[in-house]
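Asker: On the provided structure of chain A, position chain B as indicated by the hints.
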Amino acid sequence: MNHSTSRTTDLHQQALLLLPWYMNQSLQPEERQQLESHIRHCLLCRRELVSLRKLAEAVTEPSDLEVAAETSFASLRSKLPARASDNVPFISSSKTTTLGKLTRSVRQSAVQFALAASLLLAIIPLTLHTVQTNTADNYYTLSAARPELAAGKQLRVIFAKSLSGTEVAAILAAIHGQRMDEPNSVGAFTVKLDSIESPKLEDAIALLRSRSDVLLAEPVIQP
Amino acid sequence: MLTLVHNKETPQPQMLDKSTAGVDESALLQRIVEGDVLAFEAFYKHYYPRLFRFILRTTRQPETIEELIQETLLLIWEKPERFNHGSKISTWVFGIAYHKALKSMSKAARRCRDVDVDELSESIGDPLANLAENAETQDWLSNALNILPADQRAVIELTFYHGLPYQDIAKILDCPENTVKTRMFHARKKLQVFAEAQED
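Chains A and B are the protein sequences, given in the same order.
Letter 110 of the first sequence, counting from 1, is numbered 131 in my numbering, and no numbers are missing.
Letter 129 of the second sequence, counting from 1, is numbered 121 in my numbering, and no numbers are missing.
In isolation and in its complexed conformation, chain A is listed as follows:
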């Protein structure tokens, strides 16, 4: 192998290593230009790009997790520990957003914050109880939405990976639910409760959430 061939092979190997980041358009301009000049003459790299595109398309399957984020933060909020930097004022200072100004007007000092936090901790259990029992009133959350917003009694459910297909089917049979589609990229199923025997949406959610092998059970909310 002469010197020129060896150099060409090296360039090709370097190009192969960089192609994924050419595909996601994150290469520096100089690297990108060098790669493009190689790709123009390299059939193997162009084939590799086509293959990478298929992989990228498979990876970029959309997800729908905003509801879960809401619920997750709600569960964390009561556990938020006091910060090590407690000498720093709770409120964001100076050049802040409207939200920051609103917050500042409510809580004026670190002492008030401590009192407010104590009250909050005392009130949270009552609040949670109210949310669960007062769904007929005007207080709704993403997990206890207005009935008319629920998309025809549909649920989004994620089961533990350890469950077999038969076990999943048994759980769905218990709520007379019907799977609408294959799981999405994070393993979430859409389940419809359209049988006469199906329980109320909130009852089905409560049942699913009582199981340790159900990781997520949320109503599908229409915008």
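In case anyone wonders, no lab produced these hints; they're calculated from the structure.
Please read these numbers as outputs of a predicted model, since none were measured by experiment.
By construction, the Cβ of each residue, glycine as well, lies at the ideal position given by its N, Cα and C atoms.
Check each hint, because a few of them may be wrong.
[Stated by the list, open to error] The following label-pair restraints were derived from C-beta to C-beta distances:
(1) B/E73 to A/S27: 49 to 59 Å
(2) A/T29 to B/N170: 16 to 26 Å
(3) A/S183 to B/H77: 33 to 43 Å
(4) A/H197 to B/D16: 40 to 50 Å
(5) B/Q184 to A/D31: 14 to 24 Å
(6) A/D215 to B/I139: 31 to 41 Å
(7) A/H197 to B/L66: 35 to 45 Å
(8) A/H62 to B/E59: 42 to 52 Å
(9) B/V185 to A/E57: 20 to 30 Å
(10) B/E73 to A/T187: 47 to 57 Å
Answerer: Structure of chain B alone, referenced to chain A:
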């Protein structure tokens, strides 16, 4: 002479992780430093879907995702001053999540070693039957990613979903840039072999 055809071989922006649009992460982090819970809530909700995907793809352990996300973001609430401004905020956050995910996988692996083999065999049942079931219920990529080690899955996810440059991925995974490239290379080879086996 062949020319580069842009609508065929050149990349098109396919990255779905557009969640940084419209959110000033730096301003949020500054408010978190000052103890603003509302800013932390916004930061949490902003990162939750991205971390959910990343941790799921990396660990393949759905049961640990929620815990790992909360641990990661709680650390940011408790120690926001640890961000040294030497990288993007997202690089720092994903780096924390990755190390927590690795620890969790290490713990899970230790638990697996403690399990009686006969017991495990009974609970798993027929591996071929499970394979068939998986093929029916999971997408091709999910099955394919199962054959990769966690560090290679992380490189794939961070590159193609989150659209990160390899320099940032090296910082997140705490390894040299060339290691990121070779992990991707080996992952691609394995996925190609997997795809060919599926076609046969």
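Asker: Now, for every hint given, state plainly whether the structure supports it.
Answerer: Checked hints:
One distance hint, 49 to 59 Å for the beta-carbon pair B/E73 and A/S27, holds here, with the actual separation near 51 Å. Here the CB-CB span from A/T29 to B/N170 is close to 21 Å, well matched to the stated 16 to 26 Å. For the pair A/S183 and B/H77, the beta carbons lie near 42 Å from each other, so the given range of 33 to 43 Å is met. The hinted range of 40 to 50 Å is satisfied by A/H197 and B/D16, whose Cβ atoms lie roughly 47 Å apart.
Taking the beta carbon of each, B/Q184 and A/D31 are about 22 Å apart, inside 14 to 24 Å as hinted. At roughly 38 Å, the beta carbons of A/D215 and B/I139 sit within the given window of 31 to 41 Å. Taking the beta carbon of each, A/H197 and B/L66 are about 39 Å apart, inside 35 to 45 Å as hinted. A hinted range of 42 to 52 Å for the beta carbons of A/H62 and B/E59 is consistent with their spacing of about 51 Å.
In this structure, B/V185 and A/E57 meet the distance hint of 20 to 30 Å, their C-beta atoms being roughly 29 Å apart. A hinted range of 47 to 57 Å holds for the C-beta pair B/E73 and A/T187, which are about 51 Å apart.
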